[in-house]
Amino acid sequence: GQQVMQIPQYQHVQEGEDFTTYCNSSTTLSNIQWYKQRPGGHPVFLIQLVKSGEVKKQKRLTFQFGEAKKNSSLHITATQTTDVGTYFCAGQRNTGGFKTIFGAGTRLFVKA
Amino acid sequence: NAGVTQTPKFRVLKTGQSMTLLCAQDMNHEYMYWYRQDPGMGLRLIHYSVGEGTTAKGEVPDGYNVSRLKKQNFLLGLESAAPSQTSVYFCASSPGLGLLDEQYFGPGTRLTVT
Numbered sequence: 002g003q004q005v006m007q008i009p010q011y012q013h014v015q016e017g018e019d020f021t022t023y024c025n026s027s028t029t030l031s032n033i034q035w036y037k038q039r040p041g042g043h044p045v046f047l048i049q050l051v052k053s054g055e056v057k058k059q060k061r062l063t064f065q066f067g068e069a070k071k072n073s074s075l076h077i078t079a080t081q082t083t084d085v086g087t088y089f090c091a092g093q094r095n096t097g098g099f100k101t102i103f104g105a106g107t108r109l110f111v112k113a
Numbered sequence: 836n837a838g839v840t841q842t843p844k845f846r847v848l849k850t851g852q853s854m855t856l857l858c859a860q861d862m863n864h865e866y867m868y869w870y871r872q873d874p875g876m877g878l879r880l881i882h883y884s885v886g887e888g889t890t891a892k893g894e895v896p897d898g899y900n901v902s903r904l905k906k907q908n909f910l911l912g913l914e915s916a917a918p919s920q921t922s923v924y925f926c927a928s929s930p931g932l933g934l935l936d937e938q939y940f941g942p943g944t945r946l947t948v949t
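Heads up: the protein sequence lines correspond to chains A and B, in order.
In terms of our numbering, the first sequence opens at residue 2 and continues consecutively.
In terms of our numbering, the second sequence opens at residue 836 and continues consecutively.
With the rest of the complex left out, here is chain A (with noise of 0.2 Å):
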């Protein structure tokens, strides 16, 4: 079946240091979700992107489709200790019905 892998599981940063994590899956994506959760609360949503090699951004956050629309990566430039929390991504598929996979997520620790 689908599967949505996120790499990495865990990663420990100075506050300032840039991050990334990378969302990569087995089959081409329709368009592809980004979720942050902070410790103890939900999944709250940052945002989508549909377009083959699309790039958005949100001030310090980068957000890029891969041309192939089967990658993902989430980058935050000079991370800050709000950036703590879990980065979810999540992949849907047009399969003539509903179809949304989320990777396990990335654990952001930032160290002040």
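Read the hints as simulated data drawn from the structure, not as lab findings.
Incorrect hints may have been included.
Taking lysine-lysine and the DSSO-like style, the derived pairs with C-alpha atoms no more than 30 Å apart in a straight line are [as the list claims (entries may be wrong)]:
#1 K892(B) / K52(A)
#2 K57(A) / K100(A)
#3 K112(A) / K892(B)
#4 K100(A) / K892(B)
Computed spacing ranges between beta-carbons, pair by pair [claimed, not checked]:
#5 M876(B) / G17(A): 26 to 34 Å
#6 G17(A) / P918(B): 19 to 27 Å
#7 G41(A) / V847(B): 14 to 22 Å
#8 T83(A) / G888(B): 39 to 47 Å
#9 G875(B) / V56(A): 27 to 35 Å
#10 A113(A) / M876(B): 27 to 35 Å
Okay, the calculated bits of chain B under chain A, using three or more residues with CB under 8 Å as the criterion [said to hold, decoys possible]:
#11 871-877
#12 936-948
Bear in mind the structure is a predicted one, so any value in this text is a computation, not a measurement.
Even glycine gets a Cβ: it sits at the ideal position worked out from N, Cα and C.
Dock chain B against the given chain A, drawing on the hints supplied.
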């Protein structure tokens, strides 16, 4: 708007007991979902609904049942709880735009089965 709410927030069950988790949304969303979240495994879809009166199985449906009698409510039932069902359960809803849907999550229910 309260968004997506879940009750209860915490629950401890003994093996074999039953319970129902309630999810409610006030955004008039068509789609609703139940996920479970376990350490290192992300979010796994249990059941979902694309409209009032309809439900469908997700990735891990065994041991759970759902009902969507009203558009705003989505109930998740555990008929005979097992320790393997210890998890954090999240409900979510989305407008029902198909592939361009953004999901709104509730605060979660932490369930422990002893």
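Results for each hint:
{"no.": "1", "hint": "K892(B) / K52(A)", "in the structure": "holds (29 Å)"}
{"no.": "2", "hint": "K57(A) / K100(A)", "in the structure": "holds (23 Å)"}
{"no.": "3", "hint": "K112(A) / K892(B)", "in the structure": "violated (41 Å)"}
{"no.": "4", "hint": "K100(A) / K892(B)", "in the structure": "holds (11 Å)"}
{"no.": "5", "hint": "M876(B) / G17(A): 26 to 34 Å", "in the structure": "holds (31 Å)"}
{"no.": "6", "hint": "G17(A) / P918(B): 19 to 27 Å", "in the structure": "violated (43 Å)"}
{"no.": "7", "hint": "G41(A) / V847(B): 14 to 22 Å", "in the structure": "holds (18 Å)"}
{"no.": "8", "hint": "T83(A) / G888(B): 39 to 47 Å", "in the structure": "holds (42 Å)"}
{"no.": "9", "hint": "G875(B) / V56(A): 27 to 35 Å", "in the structure": "holds (29 Å)"}
{"no.": "10", "hint": "A113(A) / M876(B): 27 to 35 Å", "in the structure": "holds (29 Å)"}
{"no.": "11", "hint": "871-877", "in the structure": "holds (count 3)"}
{"no.": "12", "hint": "936-948", "in the structure": "holds (count 7)"}
Consistency with the previously given hints fails for numbers 3 and 6, ordered from lowest to highest.
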